[in-house]
Amino acid sequence: MAAERPHLAVIGAGPAGLAATLAAARHGVRVTLVDSAPEAGGQFYRQPARELGARRPEALHHEWRTWERLRDGLRTHQRAGSAAHLTDHHVWLVERRPGGFTVHALLGPEQAEPAEVRADAVLLATGGYEKVLPFPGWTLPGVVTAGGAQAMLKGTLSVSGRTAVVAGTGPLLLPVATGLAAAGVRVAALVESADPRDFVRRSRALSAQPAKLAEGARYAAQLARHRVRTLVHHTVVEAHGTDRLEAVTVAGLDRSGRVRPGTERRIACDTLAVGHGMLPHTDLAQGLGCRIDGVAVHVDDEQRTDVPGVWAAGEATGIGGAALSLAEGHIAGRSIAARLTGGEPDPHDWAGAGRARTALRRFFATLDEVYAPPAHWAEQLTDDTVVCRCEEVTGGAIREAVTGLGAGDQRTVKLLTRAGMGWCQGRMCGSAVAGLVGCPETAARRPFARPVPLGVLARAGEAPEAEVPEADV
Amino acid sequence: MNPLELAQARPAPAFTVTLDGREIEALPGQTVAAALWTAGITSWRSTRGEGRPRGVFCGIGVCYDCLVTVNDRPNQRACLVPLKPGDAIRTQEGTGHGG
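Protein chains in written order, with UniProt numbering: chain A, 1 to 473; chain B, 1 to 99.
Everything hinted at is true.
Derived DEER-like restraints, expressed as beta-carbon distance ranges:
#1 A:R197 - B:S46: 36 to 46 Å
#2 B:T91 - A:D300: 45 to 55 Å
#3 A:L405 - B:G21: 44 to 54 Å
#4 A:D195 - B:G49: 30 to 40 Å
#5 A:H376 - B:S46: 31 to 41 Å
#6 B:T91 - A:H348: 52 to 62 Å
Just so you know, the hints here were simulated from the structure itself, not pulled from any lab data. Even for Gly, the Cβ is constructed at its ideal location relative to N, Cα and C.
Produce the complete structure using the sequences and hints provided.
As structure tokens, this is what we get:
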């Protein structure tokens, strides 16, 4: 019976993908949830490896009850045969074919063996990754992204040192600092370049989100309990060390976002967890030809992209956190179920999620304005600072491409300097290059979402379809 | 408190892997990067151009800074690859292909 249902492939098992899977499966759709991790959860609900035997993983998490509901819902649908979960599947391309789609993935941590999933419709819930703007010393071992420090902590229960500075801008810094402190790391300072008081002044967006206010208060209390010094309107200007991080220099910012001379101070640390916001993963959407607005996938009120049969939800459509991802995923799942079973969706079916989506999008739009990286960050970047970590292209080389050779966009800088041409394909340096050029940040076009072995490409289309169990025992 | 205590982890017994021939202890379920961090090691690669040290940066498989050689396979992302007993990890220089 399950095989007669229309088939949806959901890519990404974070909050958006899970919410969509549950909504679609509950309303008559067979779902295959495809994800690269060994366990569901995405980055927000990243789980410790099962073999570590964590009996209290919730100690590192927020909104644990929501996770339990999602996890149990997925299990119920797996048992009923309405959902399958393919773990360790790294999707590199979604291909349109007559009447449906083929999802191409690479299996396991080595990502050398191919697998394919065929479906009638696709939901892209591919999430996001962290943006870090460069500064002298940011390539030193011990300097990690804030989200990376959190991912290593949640997923592997490990930390990179004993004393950390958490720095950058944005609300992610708070759970990272409190998480590291709870895990026994001395957090010497939390360095935020924005001034959260600017946010409190914008009372309209805040008053609509009392839960967010309470969350902020909880973080403040935890920071106080762990005696974490918080420096607002400050930024890291340099990371020091030869073979690994030994200290950072932080400095105060004036109202225009420039470093205030004479305010520099040095803080000894072996870990710097740093981040300047998030960027959506849009590679699969671009491969399908979906419209991209700026750096995010464009969607309509039903979370549909402009490519028929392709929906998108969560951070891929714009950064907005787990609660917004859940709302968008739920709406997408309901819309997909209605449209795949031959009906016209009724937005009243998701009225609650729709209201949450509207309020949370407004909230995060305000957040974005307040938590912007310091306006003059590029002035701290010396000519010998590496900007493209993969190809070791310096700030000086990029400036020369712009001022000497007339480059006016990321692509021309890439052609002239190789910035963005390496392993990560510009994911780490794209924002910085755009900032140095002075052009708007755009999502780079990448033919594949990850490196693919040539042998897999040569055999693409011939690979056997992945085993999708109709029902788990 | 350390992270294992915080999450009340009861991992299966530790096993041994090697880093450039030196024995280090790893827990079942740990990635290469996690075991190296736990052993106090934060860099295990030198870059192709300047020979600069690198280790984990993004922690989620996006940045490729943490590339390492595992059982003679170069360019493995240490933050993604889980360890098995007896795995031989080698620090990676340049492209990892000896050239």
